[in-house]
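From these two lone chains plus the hints, build me the complex, please.
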Amino acid sequence: MFWQTTAIVLLAVTLGLLINQIHPGRLPLVGDWSPEAQLTLDSGESMVVSIDQARDNFFSGNAIFLDARASEIYREGHIQGAQNLPWERVDEYFDKVMADIPEDALLIVYCDGESCALSKDLALELFYRGYENVRVFVNGWSLWVEQQFPVSKGGKSNA
Amino acid sequence: MLETPKKRSTIFLLVIRLILGGVFVYASVDKIIHPAAFAEAVYNYQILPDALINLTAIVLPWLELILGAFLILGLWLPGAALLCNLLLITFFGALVFNLARGLDIHCGCFSTSQEGTSNLCMCLYLIRDGIFLLLGLYLLTRIFLRKSEAFTASMNEQL
Chain A
1 MFWQTTAIVL
11 LAVTLGLLIN
21 QIHPGRLPLV
31 GDWSPEAQLT
41 LDSGESMVVS
51 IDQARDNFFS
61 GNAIFLDARA
71 SEIYREGHIQ
81 GAQNLPWERV
91 DEYFDKVMAD
101 IPEDALLIVY
111 CDGESCALSK
121 DLALELFYRG
131 YENVRVFVNG
141 WSLWVEQQFP
151 VSKGGKSNA
Chain B
1001 MLETPKKRST
1011 IFLLVIRLIL
1021 GGVFVYASVD
1031 KIIHPAAFAE
1041 AVYNYQILPD
1051 ALINLTAIVL
1061 PWLELILGAF
1071 LILGLWLPGA
1081 ALLCNLLLIT
1091 FFGALVFNLA
1101 RGLDIHCGCF
1111 STSQEGTSNL
1121 CMCLYLIRDG
1131 IFLLLGLYLL
1141 TRIFLRKSEA
1151 FTASMNEQL
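Note that the protein sequences, when read in sequence, are chains A and B.
For the first sequence, the numbering used here begins at 1 and goes up steadily by one.
For the second sequence, the numbering used here begins at 1001 and goes up steadily by one.
Check before you lean on any hint, since a few could be wrong.
Derived CB-CB ranges, DEER-like [said to hold, decoys possible]:
{"#": "1", "chain 1": "B", "residue 1": "L1120", "chain 2": "A", "residue 2": "I19", "range": "32 to 38 Å"}
{"#": "2", "chain 1": "A", "residue 1": "I22", "chain 2": "B", "residue 2": "G1074", "range": "27 to 33 Å"}
{"#": "3", "chain 1": "A", "residue 1": "K153", "chain 2": "B", "residue 2": "Y1138", "range": "29 to 35 Å"}
{"#": "4", "chain 1": "B", "residue 1": "I1131", "chain 2": "A", "residue 2": "D100", "range": "32 to 38 Å"}
{"#": "5", "chain 1": "A", "residue 1": "N133", "chain 2": "B", "residue 2": "I1033", "range": "54 to 60 Å"}
{"#": "6", "chain 1": "A", "residue 1": "I19", "chain 2": "B", "residue 2": "R1008", "range": "37 to 43 Å"}
{"#": "7", "chain 1": "A", "residue 1": "F127", "chain 2": "B", "residue 2": "V1015", "range": "49 to 55 Å"}
{"#": "8", "chain 1": "B", "residue 1": "Y1026", "chain 2": "A", "residue 2": "D42", "range": "31 to 37 Å"}
{"#": "9", "chain 1": "B", "residue 1": "A1037", "chain 2": "A", "residue 2": "Y128", "range": "16 to 22 Å"}
{"#": "10", "chain 1": "B", "residue 1": "A1069", "chain 2": "A", "residue 2": "D91", "range": "36 to 42 Å"}
Calculated Cβ distances over 10 Å to all of chain A for the following chain B residues [to be verified]:
{"#": "11", "residue": "T1004"}
{"#": "12", "residue": "R1008"}
{"#": "13", "residue": "I1016"}
{"#": "14", "residue": "I1032"}
{"#": "15", "residue": "I1053"}
{"#": "16", "residue": "I1058"}
{"#": "17", "residue": "L1067"}
{"#": "18", "residue": "F1097"}
{"#": "19", "residue": "D1129"}
{"#": "20", "residue": "G1130"}
{"#": "21", "residue": "T1152"}
To be clear about the criterion: a stretch of chain B counts as covered by chain A if any three or more of its residues have a C-beta under 8 Å from a C-beta of chain A, and this derived list gives those stretches [said to hold, decoys possible]:
{"#": "22", "segment": "1036-1048"}
{"#": "23", "segment": "1073-1085"}
Calculated directly from the structure, the hints in this document are not laboratory data.
Idealized CB from N, CA, C, for every residue including glycine.
Looking at chain B on its own, in the form it has when it is part of the complex (with noise of 0.2 Å):
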């Protein structure tokens, strides 16, 4: 009965890891086949400068592959989930900062309109992108905790 509480968390986590793991693999697959497309896709954000564009366009489709494989097989998973926040985060600042100066990420124009559509995707994609750094933020935690747990053991044997 005192295992209880731990399975459960040790599920939760790996849930978890699936759902954030799947969601990488799934976001790479299209950019690797598409690598012109996917570059026009980072065009459009108009974050990057230029020359950065194409080389974003061809690393990051595999970091997120690997991302993502490295989360669902649970292989170094402390580097992958603080890998996995840094790009979720910068993947909602960049959102966050589109949507503040009214530029429409599927066309890269600006919009001085507050209703239709497009506001209303990227709000959405807002939403998403949200959940999934909440999720990436509970797994690091945990990861953190109990890396701490199992060093804090360790100490308390060795004494």
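Next comes chain A alone, as it looks inside the complex (with noise of 0.2 Å):
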């Protein structure tokens, strides 16, 4: 029994690996799944912006806080003055969240986790969309509330 476990699996690995070389999305062994790899433009610009980065366009009160969560979680907490853009149904209220906000306007874009895709994947819907000043801060939630900086409850989504 084992015999063949280790037979299959083995099958699976050489296969896996040959059929990859010659596929068209051909993945290279090991990637760099950093925050920073996934969210650097072809020009090779940075999206990230850090903690500090983000409390002084907070304070100075240079920046646009977008919260990429769901309604039901901002409703729960989001950082304060944030508008609520989910990700999820962006085509749904890109033009009632953005109606007023300038394609040249400094956008920090969170949500919460370390590996949450969703405030990547709207950073990269605003930019392509023509928002090019657009940042992303990186499980900006749960390092926000950590720093213990000022939050808003409940409150009315725009979505």
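Right, here's the structure in full:
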């Protein structure tokens, strides 16, 4: 039984590695999954902002914060003044939420969790829709709460 | 008439093999065609170290395909059934782990909400994978029992 299990695994490893070599969507064996690598534009510019940059832009009022999480989670707590544009309903709410925001505004998009893809996906969507000054605050909500920076609860989500 | 329960059991085992084999084959196809999307799904589980994400995304779909094909064709059944259970336990454990720590596997983001669609989906996945796991355990047990019966019969013949 165990030799059969081992043989099946070896067969899968061999086939997987061989087919990957000729696959059009070939993956490198080891990928760089750091947020910085995932959020670097073709120009080489990083879209990531640190907690310090996010804080400075918050207190100077230079940036508009966008919460990419679902509306019910946004209402449970969000960065003070942040607007809610849930990534999963972006087409539905984009015009409403972005109506008064100029394309050259500094936008800081966040969600929650080191690997949370909502903010990354929303930021790239905004970038390709013409908002070239968009940044991602990775794991933003957790880091913001940890530092005890201003937050709001409830409130009316635009979305 | 004495053959009927045995025949029924054989047909039932065949049905379980076809169900589990079909599920594995079906689950593997899209992952093989779109390895990058599957790698992102693996990343969203936040269980494996970054260095193993691509390798898993390359090998796992082929393991599922081969395993599914072997279950359907009845090849190397003891080894295939054991591996099938190991995979199902791993998938089930990964879901339970992420549900317990509040990680939404769709986006890799944390959600403190106990309501909403993502939590419901996770519970439905758990029920689905739990059913597959029960089928897998039944299949493995029956194969073991049959092997044991065959071994006892051959020993009796020798005596």
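Now for the hints, and whether the structure bears them out:
1. L1120/B x I19/A: 32 to 38 Å: holds (36 Å)
2. I22/A x G1074/B: 27 to 33 Å: The hinted range 27 to 33 Å holds for I22/A and G1074/B, with Cβ atoms some 30 Å apart.
3. K153/A x Y1138/B: 29 to 35 Å: violated (49 Å)
4. I1131/B x D100/A: 32 to 38 Å: violated (50 Å)
5. N133/A x I1033/B: 54 to 60 Å: violated (36 Å)
6. I19/A x R1008/B: 37 to 43 Å: Hint holds: Cβ distance 40 Å, inside 37 to 43 Å.
7. F127/A x V1015/B: 49 to 55 Å: holds (51 Å)
8. Y1026/B x D42/A: 31 to 37 Å: holds (36 Å)
9. A1037/B x Y128/A: 16 to 22 Å: Given a distance of about 19 Å, which is inside 16 to 22 Å, the answer is holds.
10. A1069/B x D91/A: 36 to 42 Å: Holds: the Cβ-Cβ distance is about 40 Å, inside 36 to 42 Å.
11. T1004: At about 29 Å from chain A, T1004/B clears the 10 Å cut-off, so the statement holds.
12. R1008: With a cut-off of 10 Å, R1008/B remains clear of chain A, as the shortest Cβ separation is near 25 Å.
13. I1016: I1016/B clear of chain A: closest Cβ-Cβ about 18 Å, beyond 10 Å.
14. I1032: I1032/B is in fact no farther than 10 Å from some Cβ atom of chain A, at 8 Å.
15. I1053: violated (6 Å)
16. I1058: Not fine: 5 Å to the nearest Cβ puts I1058/B too close to chain A.
17. L1067: At roughly 6 Å from the nearest Cβ of chain A, L1067/B sits no farther out than 10 Å, so the non-interface label is violated.
18. F1097: holds (14 Å)
19. D1129: holds (20 Å)
20. G1130: holds (23 Å)
21. T1152: holds (17 Å)
22. 1036-1048: holds (count 6)
23. 1073-1085: holds (count 6)
When the structure is compared with the earlier hints, violations turn up for hints 3, 4, 5, 14, 15, 16 and 17 and for no others.
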